[in-house]
Structure formats: structure tokens, C-alpha cells
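Once you have looked at the hints, place chains B and C with the ligands on chain A.
Residue numbers (numbering that gives the first Met the number 0), protein chains in the order written: chain A, 0 to 194; chain B, 0 to 224; chain C, 0 to 565.
Hints may be right or wrong, so weigh each one.
Claimed, not checked - Have a look at the derived ranges for each label pair, beta carbon to beta carbon:
| id | chain 1 | residue 1 | chain 2 | residue 2 | range |
| --- | --- | --- | --- | --- | --- |
| 1 | C | 61 | A | 61 | 54 to 62 angstroms |
| 2 | C | 132 | A | 103 | 36 to 44 angstroms |
| 3 | C | 61 | B | 169 | 32 to 40 angstroms |
| 4 | B | 180 | C | 469 | 26 to 34 angstroms |
Keep in mind the hints are simulated off the structure, nothing from the lab. Yeah, the Cβ is synthetic: ideal placement off N, Cα and C, and Gly gets one too.
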Amino acid sequence: MDGAAHSDSAQMPTAHFTAKLAIWWLIGSEIMIFGGLIGSFILFRLARPQWAEMAHHLSVPIGSFNTLILLTSSYTMVRAFVSSGRRDRTATCWNLLVTALLGLTFLCVKGYEYAGKFSHGYYPNAGLFWAFYFTMTGLHALHVLIGIIAILILFVFGLRDRLWPIASRVEFTGLYWHFVDVVWIFLFPLLYLTS
Amino acid sequence: MFNNLPQNISTYGADIDGILYLIYAIVGFFFVTMEGYLVYAVVRYRRREGVRAVYQTGETWREMRWVVGLVAVVVFLDFLIDFRGADTWAKVKQDFPSGDVEILVKAKQFAWTFVYPGADGQFDTKDDLTVPRILHVPVHRKIRLTLTSEDVIHSFCLPEVRLKQDILPGRRTPAWFEVTRTGTFSLVCAELCGLGHTKMLGVLEVHDDSGYERWLAETAKEMFE
Amino acid sequence: MTNDPHGPQKFIWKYILSTDHKMIAKQYLLTGLVMALVGAFTAYLMRWQLGYPNTNAPGWGLVTPDKFNMLVTMHGTIMVFFVGMPLLVAALSNFVIPLQIGARDMAFPRLNMLSYWIFVLSCVALLASFFVPGGAPAGGWTGYPPLSASEQYTGVHWGMVLWITALALEFASFTMGGINYLATFMCLRVPGMTYFRVPMATWFLIGASLAFFFSVGPLIAGAVMLLLDNVAGTGFYIPAQGGEPLLWQHLFWFFGHPEVYVIFLPAVGCVLEILPVFSRKPIFGYRAIVWSMGAALALSYIVWAHHMFISGMNPRLATPFSITTILISVPFAVIIFCMLASLRQGSIRLDTPMLWGLGFLATFLIGGLTGIFLGSASADIYLHDTYFVVAHFHYTFFPSVFFGGFAGIYFWYPKLFGRRYNETLGKIHFWMTFIFFNATFWPIFRVGAGGMLRRIADPTQYRILDQFKEMNSMISVAAFILILGQVPFVWNFFWSMFRGPAADANPWRAGTLEWLAPSPPPHGNWGPGLPTVYVGPYEYSRPDMADDFVPQYRPVGVLGGPAGQA
Ligand code: HEM
Ligand SMILES: [Cu+2]
Ligand SMILES: [Cu+2]
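Next up, chain A with everything else stripped away, as it sits in the complex (with noise of 0.2 angstroms):
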């Protein structure tokens, strides 16, 4: 292994510690990303008042619900690391599913919403305001996927035992998900919101 060369110095940081920086390193260019993007929403929106009607086709009731999912697989991806740390293997798979099973329950919503708008005719194509909330909203679904696909892989490590000499990617999986929940809670005010 690459990195096993280290350990003749013990004066520098841990591989845990290197790994731990390039997530929030990773963490700071997606908020670049999304910064773009929320900021260039911003100044859309304030130049665009007669957009709070089209804020009012979304639903408020569905979007809180999925904000409220979004909070609660936060929750649980924290006790999966608390149960991690503590080595409890049971718990950490129990609480890592849970919080995927979540993200699932966040992405079928957002796509039942999707349904909704399309069956309106509130297509990408129909307006600037439905240009941005199909690409902020999409882009954010698209980063659940990829956080759901992580914590599921964590998962079958975890069920196959595997999970303890990684044990820090729960830690690191858990970073990148409170990220994604973060971005929601600035994209769901932004969009539902501001009618």
C-alpha cells in the first residue's frame, strides 16, 4: 500500500487526517458549484419579481416534507457514526440504511413532484424560472444519488463485516451527506418559499 510508507515519520499527520482534508477540500468546491448557481438565482430572482407566481405552482407541504426527510437521515447518519465509533456493528447498519432508505424516500418525492410539473407543462423549456429550479433541484437529486450509492456500498460492507478498518468512511460519507442536506435547506427556501 502507498500510503504504509508513512508511518517512518510520526511527527506527520494521519492518514485519516489527509483523507478528512480532502473531503472538506471536495466539500469547498461543491459549494463553489452550487454558489454559482444559487447566486446567479439570486440576482434572476430579485430583477424578477413576477416570479413568485410560478414559486406558487410548488408545493409548500411536499417540499417541507422533504426537507423534514432530508433532517431526519442527517439524524441518522449521525447515530451511524456514533455507532461506528463505538463499534457496534448491528447499529451501524441499521442506521446506515435507514439514512439511505431516506434519501430514496427524498428522490421518489422529488420525482412524483417532477411528474406533477411535467403533466402542467412546466417543462426545463418553459420558462426561465423552471430552467433554474429543474437544474438546481436536479443537480442536488443528482448528489443524493451518488450519497445514496455510498452509504449503500458502506452498507454491504458493514453487513460482510468489512466496515471496521474503514470505519472513517462513515465518518467521511456523513460529511459529504450533511453537505447535501445543507445545500436543500438553501435551495428549499430559494424556490418554495419566496411566492
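Just chains B and C with the ligands now, with coordinates in the frame of chain A:
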């Protein structure tokens, strides 16, 4: 470098050329001294037998003082350029005088069209004059332009007037100029706008007052008869 | 493991799917040089059309306006993103950073390999656009919408889609690369390698990665929007659908200005590495230079609108952006003055790397100084989009990519391949490039001041350009010789790789860590134990030592300046 600028025919062109020459002088000074020093140092400090380099890290303020001094000069000159430039910029792009003549410029892939308000001085009326390709203006008059584009970004550029302004589709972009000389000059598109960009050429035709009136009258006659 | 450093390695693991940072560096180097050939070929075709309008270019045919627009676009894109980035950022970072800080490899070797292959994929996507129906993208390397946002304006659809895809892949690759370089730099420095003992090349490569990292995100978002405009019928940038073309320009240049530093900083780093070695003097003002780089980086995020003075944005923004732009001259003045001071009272030897380094200084200075014209909003009214701009950015890009890049390649050649290149050929290559680069681009300033606009497919259309007919032909001839002048390099590069005399570990008698490892360094770089660092990187000609340099790994006390202190 700037001795081959196209002739200047506008009231503010001399200001812009002035900035160019000011910067040229400043930059030219640094160019000569720094390139000169580079060559000097390479020749003067070539490796010679028995001569050792001097160990000098430049980590103390004492050693850095001449760098700091030079940088102070750079800062001063920077602001000189900025302030001189700001006035000229404001004159050309910010403080629009009220125009003697108003013209609507329509750009599209790959042609220019100019609309004159006609006798009533109002746009969007029946007596508007629509002229392709050639922009006719009177000399010594303030010309106010409204630039519009139908499709992509074009750039309205009169090199001899020292005017350049991109035209964004979906917006009305203002511009102005005043010409000091009659004659025929170039009008080009300065922003890549597609296949025919190179051929998106027009003409600036500057008349004296009576010539302009005559042209207006003739064009109106042609159009409405 | 399959690529166990001690076991015999299969070809595929050693050369293709290698995770060794040095092999990946060579992969990037070769890919970049191959792309440079494509870039040079496009330059040749454009220069032919400009020098000998509407005649058949030998080896290709007539360069019609549609072809010309594609060539301009591909040339700019290739040279900046597919030559500058892989050569200066990826190849150098991969090779130099781990060796200079004493690491055995990157922090994440497999991620490193993945970055490279994603980059290859993006090269393929870009080059494929030459062959799809409709042809290559034709919106300029800046891709301003609405022109680039819809097929109806250019007749190019798939080319445009591939262009955006290629850029997206490249950004993904370099973001992953950037994470790797930054993590390596922050976590894998050997004991004693404090931040102020890190060699300049590493510092500037890290600066480049930072510049890239914090500017590319918004453009990725912008590129997603542009892609959707092209394929999904959205209208983010199309006014007829409520969109805003200027949004792209802001996003593009918010990235674009730092991006030019991404290419320029590694070149400065190489030259700063080379100056002390060949003048046997410490670099003058190590700390001042590092802080100046930081200041320039910070400033680079608040200057972007200087590309948009006449774009139709609010004219009141012009003066503030003029001020920030011209202020950037301050940190760069510090760096250049320090570089010149590093020569003073030195003991200078003009080996090939030093020639390229000095050539970089001499030419880049012109690029930097002419930038002041364009940073002044009022001067830009006249100069914007003329050949003056073309000359300016070639005087910044070309010195960075090729003078800085070749300085680095020749300097580290013995370490890269374990063999010496041929000095004579190296010097011929330098003088050919230096003379004909200037012969090509210096007259372009004059042509630009005379009113020739950039991106024009046919200069014969313009009356004011008749006077430049001969000059344009001369420029073209110089450009062709410049391109041919690279042949000695190609020969030298490949011939010496196999036939050059063997190089020892430290042929330049330099003090940084990479010269401690054998040439070429084995997988894992150092023997059983890591080196330890005791002094700063540029302890040349110390008065208390008989030898004229102290390597970083030699346990000696510190003398004088804080460059040697922790
Ligand atoms: C072999 C030497 C080179 C020659 C002869 C050359 C020539 C040209 C020419 C003729 C143009 C088109 C100018 C126009 O019509 O507007 C151009 C544009 C450009 N070149 Fe080069 N070039 C060279 C090297 C480079 C290098 C090394 C870089 C950067 C790393 C570079 C970056 C660009 C860019 C960004 C553009 C603008 C493209 C656009 O307008 O969209 N070039 N070059
Ligand atoms: Cu055009
Ligand atoms: Cu810039």
C-alpha cells in the same frame, strides 16, 4: 508602437490617445530599464573563476528597501493612470450629452441597419427612415446612438472615432460621439458573431450640415414615394 | 498489490495504469505535448490564412470563414486547457511537489491515476468535435452566448456539446488533481519542511491549484446552464427566452482571470527554482515573494470585469475594476524585482534551463507591461478585441507555457529520465524559439494598434488593413519558423531519453530534496527512511561553508536570514 493608430476624427479620441501615450511612456520606461538591467546583470555577473556569489537573502527591510522604493513608484504611477483614465472613461461611456441627432442602430447576423426618427423627431412613427449599411451623420454634432441586436452579441466599432461598444441582444445600449471631420470612415463589428462576422462591415459617412440635410431629404423622398 | 514497487511490473501497470506520481507526470507531459502539436497546427492554418489570404494552406486546403472560426476556438481551448494545464499544472505538480517536500507519492495515488484518465477522456471528447457533423465549436475559446447557446447561430451543435463536455471533464479531472496536490502539500511534508522552507516551485504550483480551485465552481455551474441551453431548450443565456448573456461572461471571467494565473504561476515557480541554482545565490526575498503570490491570488478574484469593460455592463463598474486590475502590478512588481535582484552579484551560468528562465523574464515582462494598457478602461475602449490583445495574451501565455515550461522540462529532464539532454540542441531550440517568438508577436502589437480586430477570417475585407498586408505575411513566416524551431526539442527529448549520457543524482548541484533521490527516482522515491530537512531551499554560497551550496537535507546550523529558520 502607437505611431500607426488610425487617424482620430472624434472629439474624445484625443483623450483616449492621450491615455495610450501616457501609459506607453510609463511602461516604456520600465521596459527599457528592466530589460536593460536583465542584460546588464547577465553580462556583468557571468561566472568567473575564483569569484564567489554574494550570499544575500533579501529577508531584511534594509535589503528590501530599494524594492519597496520602486514599488512605491509603481503604486504612484498606477493611480496616475487610473485617475487620468477615469475622466476619459466617464466622458465616453458615462456622461452622455443630450444628442443633436438620435439614431437607432440595429445589428443582426451579419448586417447593420440604421433608423432615423424622420421629420417629427420620434421613433416608431411612419416617417422613420431605415437605412442599410451606411451610417450618415453630420459633422460637429453630438450623435446619440441606441444600439440593439436581434440575435447574438455584436460590437459597434468605429476605429477612427475610438468608439467600441458591445451590443447585447434584448437590451438597448446607449453610445455617443461627435465627429470633427467630414469624409468616409470604417464601421466594423468587433465581436465574433458567427460565420459572416468578418463581412459585417458598414460605412460611416460624415456630411457637413447642409449635406446632411440634403441627404435626409433625398432619402425621405426615395422612401416615401 | 498488482503494482507492488518491488515486484516485476507488467507493462500495463507500469506505463498505463500506473499510480506512481512520476509516471503520471510523464503521461501528462506527453499528452500535453501531443495536444501542443494539434494547437500548433491550428495556429499554422490561421496564420496561413492571415498571411496569405484565400490561398490553399499546404497540407490542408482553403481556410474558409467557418473553418477559421472553428480553428480559433479550438486553438485557444487546446492551448489554454489542454496544453497549459497538463504541462504546467498537472505534469509539474505531479513530478515536483512530492519530490520537493519529501513524500513517497501523492496522498491519493489512485485518485491521481483516475484524474489523468479523465483528462485523457476530455482530450478525446474535444478532438472528436473535429469529426462530428457540423464540425468543431465555433464560438471562440470564451464561448460567449447566445452565439454558443444555440445551433441556429453557428450551425454547430454536436461540436458545441462536445466542447462543454470536454471542459466539464477537464474541470473534474483538475479538481480531483487539485485536491490531491493540496492534501499532499499539507500533510506529507517531511519533518523539518516547514511552510517557509518549501521550495518556490512547490509554492507556486500550490498557488496555481488554489487559484483554480476557488474559481472553477461557478463556471461549472455556468457550463451546466450552457449545456442545457444547447440540449434542453432552456434559455439561461438567451434574451428572447428571458435569459441574460452577461451572466456567462461574469462566470467565465470570474474563472478566466484566476485561470491565467493557474498557467502563469507554475512557470514563475520553475524560474524561481532555476535562478538560484544557476546564479549560485539564494533567491532574493523568499518571504516577500510568497506573500506577494498570495496577494496576487487574492486580487485575481476581484478583477474579472476588466475583460468586460465594453460588454454593456454598468459603466460605473469600470473604474473600480480598473483600479484593482492595475493594482495587481504591485505584487508582480515585487516578484519581478526580487527575481532581478537574485541575479545581482551572482555567479551566473547560462545552461539551457537558465536561458529559458531568463527568456521567460524578458518576454513575460512585455506581456505584463502591455496588460496595463488593457487594464485601463479608457484605453481598452480602443484596444479591446484588437490584435493588441492577441499580442498581449500571447506574450503572457507563450512565455508561461513554453518558456517556463521548457525551463522546467530541461531543468528536471535528468531527474525525469535519468539521462542528460544535449546542451547544444537545447540552446539552438532556445534561440530559435526566442527570436522567432518575438518576430511573430512583436509586430502583432503594431498591427493591433493599427486597428486589426481579432478573430477575423479574412483581412482583405478591411480597408484599414491594406497597409498591413506585407507585415501579416512576415508575421506568418516567423510563426512557421517558430513552429519548426521546436523540431530540435522533439529530437532531443526522445533521443536523449534512450541515448543520452546517464545523469547522476544532482547534476546541477542544487539544494532541494528532489536532487537527493536517484535519477530517475524509484517507485517510493526515497530508500528505507525519509529525508529530514534542516535548512531553507536556497542556501547557496554561504560564507561559512567551503562548498557553494548546502542541501536542505544536510544537518547544519542556520546562518543569517530567516529563510533558513523554521
Ligand atoms: C506557436 C505559436 C502560436 C501562434 C503562431 C499562435 C497564433 C494565434 C492566432 C493566429 C490566433 C488567432 C487570433 C485571432 O484571429 O483572433 C491565436 C489565438 C489565440 N491563441 Fe495562439 N498562437 C500560438 C501559441 C499560443 C499559446 C502557447 C497559447 C496559450 C497557451 C495561445 C492561446 C491563444 C488564445 C487563448 C487565443 C484566442 C482564441 C480566441 O480568440 O478564441 N496561443 N493564436
Ligand atoms: Cu461580428
Ligand atoms: Cu483578466
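For each hint, the structure was consulted:
no. : hint                                : verdict
1   : 61(C) - 61(A): 54 to 62 angstroms   : 60 angstroms, holds
2   : 132(C) - 103(A): 36 to 44 angstroms : 40 angstroms, holds
3   : 61(C) - 169(B): 32 to 40 angstroms  : 36 angstroms, holds
4   : 180(B) - 469(C): 26 to 34 angstroms : 28 angstroms, holds
Every hint from the earlier list agrees with this structure, and none is contradicted.
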